[in-house]
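Asker: Protein chains in written order, with my numbering: chain A, 1 to 806; chain B, 1001 to 1153.
There's no promise every hint is true.
[Stated by the list, open to error] Going by beta-carbon spacing under 8 Å, a handful of chain B positions derived as facing chain A:
| hint | residue |
| --- | --- |
| 1 | Gly1083 |
| 2 | Val1084 |
| 3 | Phe1087 |
| 4 | Gly1090 |
| 5 | Ser1114 |
| 6 | Lys1116 |
| 7 | Ala1118 |
| 8 | Gln1119 |
| 9 | Val1120 |
| 10 | Glu1126 |
| 11 | Gly1127 |
| 12 | Lys1130 |
Honestly, the hints are just simulated from the structure, not real lab data.
No experiment lies behind these values; they were computed from the predicted model shown.
Ideal placement from N, C-alpha and C gives every residue a C-beta, glycine not left out.
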Amino acid sequence: MSAAAETVQERQAKLKGLGTSRKRVEDARFTQGKGNYVDDIKMPGMLFGDFVRSQHAHARVKSIDTSAALALPGVIAVLTAKDLEPLSLHWMPTLAGDKQMVLADGKVLFQGQEVAFVVAEDRYIAADAVDLVKVEYEELPVLVDPFKAELPDAPILREDIADSTEGAHGPRRHPNHIFTWEQGDKAATESILDEAEVVAEEMVYYHRTHPCPMETCGSVASMDKVNGKLTLWGTFQAPHVVRTVASLLSGIAEHNIRVVSPDIGGGFGNKVGVYPGYVCSIVASIVTGQPVKWIEDRMENLSATAFARDYWMQGKIAATKSGKILGLWCHTTADHGAFDACADPTKYPAGFMNICTGSYDIPTAYLAVDGIYTNKAPGGVAYRCSFRVTEAAYFIERMIEVLAIKLDMDAAELRAINFVKKEQFPYQSALGWEYDSGDYHTAWNKALEAVDYHGLRRQQAQQVEDFKAGNTRKLMGIGLCHFTEIVGAGPVKNCDILGMGMFDSCEIRIHPTGSALARLGTISQGQGHATTFAQILASEIGISADDITIEEGDTDTAPYGLGTYGSRSTPVAGAATAMAGRKIRAKAQMIAAYLLEVHDNDLEWEVDRFVVKGAPERFKTMKEIAFASYNQAIPGVEPGLEAVSYYDPPNMTYPFGAYICVMEIDVDTGVSDIKQFYALDDCGTRINPMIIEGQVHGGLTEALAIALGQEIAYDELGNVKTGTLMDFFIPTSWETPNYQTDYTETPSPHHPIGAKGVGESPNVGGVPAFSNAINDAFRAFGLTHTHMPHDHWRIWKTAKQLGLHG
Amino acid sequence: MILKEEVQIPLDRNTVFNALNDPDILQQSIPGCEELKQTGDNQMEARVVVKFGPVKASFNSNVELDPSGGPELFKLSGSGDAGVAGFANGGANVHLQENEEGTLLTYEVNIDISGKLAQVGSRLIEGTSKRLAKKFFTNFEEALLSGQSAAQT
Chain A
1 MSAAAETVQE RQAKLKGLGT SRKRVEDARF TQGKGNYVDD IKMPGMLFGD
51 FVRSQHAHAR VKSIDTSAAL ALPGVIAVLT AKDLEPLSLH WMPTLAGDKQ
101 MVLADGKVLF QGQEVAFVVA EDRYIAADAV DLVKVEYEEL PVLVDPFKAE
151 LPDAPILRED IADSTEGAHG PRRHPNHIFT WEQGDKAATE SILDEAEVVA
201 EEMVYYHRTH PCPMETCGSV ASMDKVNGKL TLWGTFQAPH VVRTVASLLS
251 GIAEHNIRVV SPDIGGGFGN KVGVYPGYVC SIVASIVTGQ PVKWIEDRME
301 NLSATAFARD YWMQGKIAAT KSGKILGLWC HTTADHGAFD ACADPTKYPA
351 GFMNICTGSY DIPTAYLAVD GIYTNKAPGG VAYRCSFRVT EAAYFIERMI
401 EVLAIKLDMD AAELRAINFV KKEQFPYQSA LGWEYDSGDY HTAWNKALEA
451 VDYHGLRRQQ AQQVEDFKAG NTRKLMGIGL CHFTEIVGAG PVKNCDILGM
501 GMFDSCEIRI HPTGSALARL GTISQGQGHA TTFAQILASE IGISADDITI
551 EEGDTDTAPY GLGTYGSRST PVAGAATAMA GRKIRAKAQM IAAYLLEVHD
601 NDLEWEVDRF VVKGAPERFK TMKEIAFASY NQAIPGVEPG LEAVSYYDPP
651 NMTYPFGAYI CVMEIDVDTG VSDIKQFYAL DDCGTRINPM IIEGQVHGGL
701 TEALAIALGQ EIAYDELGNV KTGTLMDFFI PTSWETPNYQ TDYTETPSPH
751 HPIGAKGVGE SPNVGGVPAF SNAINDAFRA FGLTHTHMPH DHWRIWKTAK
801 QLGLHG
Chain B
1001 MILKEEVQIP LDRNTVFNAL NDPDILQQSI PGCEELKQTG DNQMEARVVV
1051 KFGPVKASFN SNVELDPSGG PELFKLSGSG DAGVAGFANG GANVHLQENE
1101 EGTLLTYEVN IDISGKLAQV GSRLIEGTSK RLAKKFFTNF EEALLSGQSA
1151 AQT
């Protein structure tokens, strides 16, 4: 037998398991244009839906005249709130415990809000008919500034709940106020601020932006009136949740609903929520008895489906003169738009913003977040980050820089003085988290050495001298960031969405010939699950990753799970995969013991087989065991080799990283040029280094976009000023620098394979690194803080305000 | 958005003021004006086609004139609806000042544009609006002067 001649290492390599840079199995179809996205779904008799949207940010809808649209040949129906009301579908619940209009019910609250849904034979006719629907509006005063929401003359936006003083997250003090969420010890923090030697204070604004996935949102609903079954294909990051919500809303029994997420062209949080388009396509299919497709255009995506960020974070940080941080205080004004549709676990209306003590051992802290309604689109999703973690990381990493300026201290040293030490883990933070593991000093020192940090500072000082002497018009900024993420939501005891616990799942079926099928409750949107989950399993059960098919996204076949967002797939579903694999292995061990006529305990696992202890020539490979499991009668063991695991994680995982960005700024044009970007990530056990590298590159590029220009900006009338890709910044290869990646490996102690999740780290850590670099470039000239996005115009303006234009 | 500009017209103030209240002259002056009807004493309805970069919008507008401050001050306010393309609200104050060369018009236009126009064309709106305002007064002057010369012959 030639296989027997292979060494352990050779057999190990064949598995392509953990730690292998296995090529992505998805890419064969993606690179050949053979992906299957929602808009690729074509069915006989399929109709197309399109929305009439509000031009106004705040207006009463006085009348809707659909007659001209209905008269257009090819138009089948025009739905308005009146048509949905008898089904109680004119409003729908949001993920945050609020409710949202599906179609305008009496008024509109943001520009781009859905007013009517036109259903036609093709999308061109639908678009023409949209223009023919006449809506009469009465304009109302517009509220775009969250700080004006509670002024006496502020317009009341949500008349439906104006009188309710109790919201989904506690008391409301004003009709435009959604909730106040408090964490930590207010009195203790305030007394530390009163007594501290040094207090630095700053308003840190993390502007509104948008995930803007390459593929916009869409769905195809098909109601089969013969068997009563509804099938819904869509861009869903959480297909099982969509099925449950669709069942609760429509009254269709859950077993009669099949939700399918086909290939998804990027999600980044934008595809977590439930949108009016999904509901309207379902209703339209039920009404017409034909399949109905709805696909957003880019402008609709940017101006109506979920935005991200929009946090005004007022911070105070107290320290000793030598730089030891004593306390942190933060009050956040959170602009949630017209409906509170944030995608956060129920108990966390501001997500995990209370990770805002970051990587630092801050003994006392207090955080309060006020959610506010404005005439802007709803959302507040975690754009490539765990719930509000990027806001938290940006806040603390800016506050550290502001404190360093106040102390006249080096910002790298200030961080090192305050890091949570390796021996302090598991570390209890002042705002309620238990950090599972970390080794910040090692990572930090590695990063500083890799870039020759002190050399960079000398170079920067020289450039300032040259600038002052008139020898250059460029300044150099060094952007530091040490972030701690909190991902892998999460433990069912404190994490749920709409009451659904945030466990995840994996179901494995081993075929008689020793290949396997594994199905998970998550759904890839480009992360490469089909590649990496097979690798986890390969290492657990000794079957090559190439012989394992991963399936996700079809609720009729996949086990129930909460989906993919918040870097939760590896921490939760990845853990379920490993645990299910271990169940397979446990049964395989019994089978192998029977076949080898030894006791279970006399066997040991070796890569892909069970070997009799002390007799390495006697073994059974997983392939042999799989065949026997189906085809040999084994006393006391039922046939087959399958396992299911539903994994409820005991804690979150806490990936971290050290990023350094070197930027050069042209003072006269405001143009920024990234000279160097070093990114060290510690995501625990590394499953596929190549995919990690790709994730880091992608996340950093999105971070670059956010920090340097990308925003959803509104004018005072509530017009979205950045509704197209002409104004909404997406970096191309032109703007994207070369990234230098690195790692340390601190496994999670509670995760079955020690993995922590990485997809979002580069966004969380990247934004402060880029922003700190811009701010740092002007530090020598008296700048403490300037708001993102740092586009060329704003950089130029900063230079001008500092008097650098002479 | 507020636009301010001044133009010099070599005609006396009363002539200029009366022309500002004359629907025929206004129709000739408003760039892209396809139709203008007097609907009341100081009320007009107009259909105006405007191009903001890639978006061409046909505004159905209601305009109210306020000549009560004349001939020193002429005011107008109005709103235009371009359906799915968007809508505009605004007004203008035109000060008429007599001088040696005729009349100096100082205008202050206050205009808000909303809807898809504002989304797609926000970066174009200010430039376009300035250009249109300027064009209005150039056309206005031309219409007035040709009217004058026609009357003289």
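Asker: Starting from the hint list further up, note which numbers the structure goes against and sort them upward.
Answerer: Structure breaks hints 4, 10, 11, 12.
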